[in-house]
Each structure stands twice: as structure tokens, then as C-alpha cells.
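A.B. asks: Below, each chain spelled out in residue letters.
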Amino acid sequence: MSDGIVPRRRFLARAAATASALVLSGCDRLSRTEWFPRVLDLAENWNHRAAQAVTPRKAMAQEFAESDRSPSFRSNGTADPGTDEYHAMAANGFADFRLAVAGLVGQPKFFTVAELRALPGRAQITRHDCVEGWSAIAKWKGVQLSAILDAVKPAAGARYVMFYCADPMEADGTDFYYESIDMDDAYHPQTILAYEMNDAALPVANGAPLRLRVERQLGYKHAKYVTAIALVDGFGNIAGGKGGYWEDNGYQWYAGI
Amino acid sequence: MPQDVATASPAPGYLYYRHRLPVRVMHWINVVALTIMFMSGLQIFNAHSRLYWGKSSYDGKPPVLTIAARPDAKGGLKGYTDILGREFDTTGVLGATQGADGRWTRTAFPGWITIPGTKWLSMARSWHFFFAWIFVLNGLAFVLYSIFSRHLARDLAPTSADLKGIGVSIRDHLRFRHPAGEAAKRYNVLQKLAYLVVIFVLLPLVILMGLAMSPWLNSLFPGWVDFFGGRQAARTIHFIAAWTLVGFVLIHVFEVVITGLWNNMRSMVTGRYRVTPEAAHE
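Residue numbers (my numbering), protein chains in the order written: chain H, 505 to 761; chain V, 19 to 300.
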């Protein structure tokens, strides 16, 4: 034992604390640069490609038993779009609602909810995984997106399906929620526009009258209050250019992980 | 801690080449990647600071772990941690922390242990998934290297003599008596077992449970995640495995310090470890 031990230990503790503070503030500073998050987000593409490489194109998301359903399905994000226009539609049971489908299609169309209910549909009990970390299970019934696409005849150049929603994300009623998926997901059998949840009409809190279910991705892809669909060849010039409301706010477009 | 002094002072003996370059490089890449994975993981956890056992979070059962805050009588915040229904006051550390300006913030894990240091889920995910690739590729490279260079067979696999001496080794570790001199050129049996458990059980488990949380990879074989108790159970196992790794790191660093910090550090940086006559340590 020498007298040097205690000061040395104190020195080491201080050096460690200083080093970790430097590393931490360094990490935070890097997070706020232009270039570093772009480097980090290279991994989004690696994740997407790796997931596509190991899973078949039509691999089905797990479906659950009735008994697995959550006692109540949590409403996250918007619970009510809050606009006069939406309230008026909700007041008469969405009888005046029309889903617009346009963009790179041969035959742009409007659909009432009744017309959508007449198209090929699917019921599925699936798990909803929020990006925050929680999961909830519910039964969804809706029209297969592939059936809608078949009706409007997509053009050859269509690469993405955009979903435009009735809920503004800003308090002043602007910045409407939107999302996008690629054609693989669009034609996936479990990709539906749900009009029912747990054997009842879709509640306002969960996206009435139509919400997207894209079961192999996280919750923010499952756009609620869908009022219009557009087929596009790219989304770089739409809103923030990242393909969705949360994507424009830093979240990954590929939300399979 | 007598060894610390002995090895730090100019000592007799000779330098032994203990760790080869690939092992040293991969060790330090792993340190960086795991640290970032852990700290960004805690920031991700903060976005929903509850853990459950089962397929979903809302199945009528309470969470197994909750870290949260509620207002206290004096208008401040009380941080609490609830583990299996038992509540602990963790104000200042978990649930609610006080910033330099004296203001209280609701945050499960405090900013000094998360990346980024403020509530920022999307950025934490970006860090986590980028370094996940580095961590996994580095880990795979290490396993392949260890097999083909015979590092695994020669240095990590316990011999039957090792296993017979396990009782003695446990007793020695508890008394902080560690192999010195010529014996310090090899890993001791507890060290070997600890490394093997980390490399072949804990790290694969933490990776697998991370993948189990991916809704896309859930579709790989329908229902595979239920083998581990469901997606929310996988999240809980991911969390426990990560903290078990932290426990390993704390013991590892403790052992590094008490068996000669500078000598050990040099051997993991330059490869060379000073072997001193055993008598000097007794």
C-alpha cells in the first residue's frame, strides 16, 4: 500500500466521470448534427433489406385467439380529429363519407363505407405494437387494400400507396396525419382498411370510419381516419418528404422493427 | 488490493503476449457498441417505462415493472419503482430526476445514463439499430475467429482439471485472491465460464429477444415469439438480459482493477502482460 492509492483512485473516479460526461454530451451533439443521424439511419435500409431477405413476401403476421384480445384497445395519438367537417360526418354515421382513391391509377374512384363493405374483406385478430414499446391485441375487420387497388387499376409506375387522414396534428388544424407503404405491403393479404374493431363499428378513438392495418409494421404506420388514398411513384415532394407524419419527425419509414 | 501496487511499480519479470490483435480490436469495438446499445436502449425504454409478461401489454394483468412518477404533497415529484406489486421510492434516480436548474422531470431512467440525454425516442432508435449491426457483426466475427484460430478451444474451453478446481476457484475469488505470475497467463475457470455464458448465452439471448420485438420478424415462423412467453415477455427478457450484462461488466471491471489495472489494460491494448514472480503477490 502506498499513499498514492487514494488520490489516484479519486483521480480515476473523476477522470471516469469527466470522460463519461464528455462522451454523453458528444453523443448529444452528434445527434443534433445534419450528417450523423443520416449515417445512423443507413441502418434503416439494412434492416428493411435483411427483413425482406429472411421473410417470404407474403409471410403472415401472427393471428391470435379471441381470448388473447385486450380488454380494451388503447387509443394512442389522435382520439378525435376535432374538426367541424369530421364531427359532421361522424354525426350521421359516416353516411356522407367517401374514400377517394386517385393518383397513378387507371380509374380514380370514390367509395362509400357500404361499397367498401361489399368488397372482399378479411377479419383478423392481431397484435398492435406501438413504437413506444407496448402491445395490444384486437380483432379487426375490413376491406383488403388489394381489392380497392384492383378496382382502380394501378398504373405501372405506381410504387407507393399514400394514406391521407382527417386528423390535424397541429392545434391550429393544420398538418394532417399521413402515411405510406410500398406495393408489397399494399397487396399483402392482411393489409386492410378496417371498418370494424372487436365486432363493432370502428370507434372514433380508433380511427372511424377507416383505419389502415399493415400488420408487420409498428403502430404509427396504421393510419387512422383515412379519407384519401393516392398511388405515387415517390413521396419526396409530399409534405416533409419522408413518407409520413412521424417519418417527417425523425422516425423510420420502414417500421418493421 | 496489494496486487494493484505490485504491478504498478517497476516490477521484475517479463512481458508476455497475452491477447492477440483481433481479440483486442473486437473487445474494444464491443465495449463501444454495447455501451451505446445499453444507453440508447434505456432511452427507448423510457418511452414506455413498464414491462409485462405475456403477448400484449393489456391483458388484464398488471405490469411486472413500472418506473413512474406522481406529484408529491409539496408540489414536486415522487419517483417510484414498482416490481411485482412492491413499490419502492426511487425519487431522484428512477421516475423523477432533478436537473441542474433544480427542476424535476418525469423520466424513468435519468438523462445521464441515456442516449440521447433528453426524451427523444426516434433518435435513440437510430443509435440503437445502427450500433446493433456493429455489435452483431463484431460478435459474429469474434465467434468465427475464436473457432478457427482455436482461441475458443485453447483459451476459453475449461479443461477437466479446471472444472475439478472450481470449488477452490470460487473460494479464492470470494477472498479476492487471484492467480498471479505464470498462472495469470491463462484464464481461470470462473473467468472461462463467465465469458462462455456471456458469449454463448447472454449476448445471443439479448439479440434474439431484440429481434422478437420486431413485428416483421414475428412473421418468420408464426408464433415463434410465444415460445419465449410473447412479445411483451421478450421485451422483459431483453431488459433483464441487458442488465445482467451490466452486472457482468461491473464484476469484470472490478476484477480488472483489483488484479492490476494498468497491467490488464496494457494487455488489452498492446497485448502484453507483465508476468512477475508469484512470490511478489503473496
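No lab work stands behind these hints: they were computed from the structure. Be a bit skeptical, because a hint or two may be false.
Computed from the model, here is a short list of chain H residues facing chain V with C-beta under 8 Å [stated by the list, open to error]:
{"hint": "1", "residue": "515"}
{"hint": "2", "residue": "738"}
{"hint": "3", "residue": "741"}
If you want the footprint, here are the derived chain V segments under chain H, 3+ residues with CB under 8 Å [said to hold, decoys possible]:
{"hint": "4", "segment": "60-69"}
{"hint": "5", "segment": "99-111"}
Here are the computed lysine-lysine pairs in the BS3-like style, where the Cα-Cα straight-line distance is at most 30 Å [said to hold, decoys possible]:
{"hint": "6", "chain 1": "H", "residue 1": "657", "chain 2": "H", "residue 2": "746"}
{"hint": "7", "chain 1": "H", "residue 1": "746", "chain 2": "H", "residue 2": "613"}
{"hint": "8", "chain 1": "H", "residue 1": "657", "chain 2": "H", "residue 2": "645"}
{"hint": "9", "chain 1": "V", "residue 1": "203", "chain 2": "V", "residue 2": "182"}
{"hint": "10", "chain 1": "H", "residue 1": "746", "chain 2": "V", "residue 2": "137"}
{"hint": "11", "chain 1": "V", "residue 1": "203", "chain 2": "H", "residue 2": "645"}
{"hint": "12", "chain 1": "H", "residue 1": "643", "chain 2": "V", "residue 2": "79"}
Quick reminder that beta carbons are idealized off the backbone N, C-alpha and C, glycines included.
A.B. asks: Run the structure past the numbered hints and jot down the numbers of the failing ones, going up.
C.D. replies: 1, 2, 3, 5 and 11
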